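Residue numbers (our numbering), protein chains in the order written: chain E, 1 to 289; chain S, 290 to 404.
There are no misleading hints in this set.
A few chain S residues facing chain E, derived, Cβ under 10 angstroms:
hint: 1; residue: Asn330
hint: 2; residue: Leu337
hint: 3; residue: Ala345
hint: 4; residue: Ser348
hint: 5; residue: Ala349
hint: 6; residue: Phe354
hint: 7; residue: Thr363
hint: 8; residue: Gly367
hint: 9; residue: Arg393
What follows is a set of in silico ranges between Cβ atoms, one per label pair, in the way DEER data are often shown:
hint: 10; chain 1: S; residue 1: Arg347; chain 2: E; residue 2: Ala173; range: 29 to 37 angstroms
hint: 11; chain 1: E; residue 1: Arg282; chain 2: S; residue 2: Asp365; range: 13 to 21 angstroms
hint: 12; chain 1: S; residue 1: Asn388; chain 2: E; residue 2: Ala210; range: 32 to 40 angstroms
hint: 13; chain 1: E; residue 1: Arg31; chain 2: S; residue 2: Glu322; range: 38 to 46 angstroms
hint: 14; chain 1: E; residue 1: His81; chain 2: S; residue 2: Thr332; range: 48 to 56 angstroms
hint: 15; chain 1: E; residue 1: Gly101; chain 2: S; residue 2: Arg374; range: 54 to 62 angstroms
No lab work stands behind these hints, which were simulated from the structure alone.
Computed from a predicted structure; not experimentally measured.
All C-beta atoms, glycine included, are put in the ideal place defined by N, C-alpha and C.
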Amino acid sequence: MTSDDIRALSDALAADPSSTVFLQLGEALRRRGQLDVALKVATRGAERHQQRPEAHDLLARIAIDQGDFARARAEWEFVLHLSPGDAAAQKGLGFLCFQQGDSANAALWLAAALAADPNDPSLGAALATVRSTIAAADAVSPVAGADAAAARDQTWDPVPTVAARAPVADARALFDVVIGDQPQTVLLIDRDGFVVAGQYVTADGRDLGADLGAQLSGISDEAARAVQHLGLGSWQQIVFESEAASVAMAPSLDGVLLVASPRSVPLGYVRRLLERSLERVRRWLETGT
Amino acid sequence: MSSPFSSVLSALIRHRGVSGCCVVGERDGMIVEANLQIGLNGTAFAALTASLYRKARRSALAAGFGEAAFFELTADAGRVCAVGRNELVLVVIAEPMVNVGLVRVEMLRALELFT
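With the hints as constraints, model all of the structure from the sequences given.
Following this line, the structure appears as structure tokens:
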């Protein structure tokens with residue numbers, strides 16, 4: 001969302017303080033990292049709309065970003081009081097429990113959220129990650145683990161690799177688990193064209209990720225402008241083939257995720273790689289692993 | 290009167306889900322020839338997609354990937370595909386569920402006319 005969009009939302013809220021536009025405005029400010037302002041907007045909105053679960057969900061997400069876990073938990077629990085079975089609140093509590101090392105309850109909340117919203121792909125991945133963490137803990141302490149495991153749901157997904165669930169120490173290596181040793185490049189680029197994660201290493205060992213990101217990220221601005229004028233909604237994906245490479249891009253983290261493969265790689269595979277990389281980014285942002 | 294592009298455009302517009310196609314000047318975004326469904330704003334469509342293709346082509350060149358061949362943009366409510374050569378761009382606008390693979394093959398084949 002651009003500064004103009006935020007200004008427009010602010011104007012709309014100023015013109016009608018009782019409107020629910022504070023939800024969009026607060027979320028946009030949160031995504032831009034303006035947490036104090038986002039909190040003010042959300043708090044005022046929640047005061048006017050105390051019975052709206054979305055208002056308290058917004059407050060909880062801002063609290064998480066501020067590191068105020070107790071506030072986040074209280075807000076999500078209030079959401080469940082207002083709207084029992086709310087998927088967003090259950091998901092939030094699941095991530096919160098996981099972040100605080102309570103994997104067992106995290107799995108319960110995420111499973112409940114997945115049951116409430118089976119179309120959210122991030123929930124399945126998050127649940128698999130949490131369950132793999134529990135399985136790993138059980139493996140370290142097999143006796144206690146066997147008892148604990150017997151008491152839990154036995155229909156777990158296959159355990160991902162250790163690399164897939166370990167905390168990411170080097171953002172440049174974020175996509176290694178996705179691309180393996182294949183000659184592909186995956187870069188997460190922010191709205192200013194800076195590389196957030198991934199790398200593009202040439203044969204002589206130089207990382208040209210920043211150059212590549214800066215050159216290609218401008219396409220997304222042009223795409224956003226075009227689809228807006230053409231009334232096509234939001235852009236979801238750009239794919240183009242050139243003499244040397246196939247490139248796929250999608251919006252992610254207020255910027256773009258970019259996958260580049262040698263031209264010999266089928267275009268359909270490049271698309272799949274983009275989707276898997278998007279999922280990787282989501283998991284990284286939500287769980288840090 | 291028919292141009293060298295008429296048969297290509299006629300073939301493309303017959304694909305299920307294709308709502309318009311045109312040949313556009315890459316530099317100026319002006320329509321050379323078009324086959325559009327009623328209601329589609331051909332002038333804006335041509336100008337915007339030509340600009341988008343030009344941006345992608347230049348970015349690919351600057352990134353060291355060579356000349357762009359096929360370009361596809363997927364949005365909530367539709368897809369835009371483009372191929373170009375010699376400062377001409379063949380553009381297709383279609384519904385989300387169009388068979389892009391089929392359209393791509395036909396567009397790349399049509400590039401032979403752009404010499």
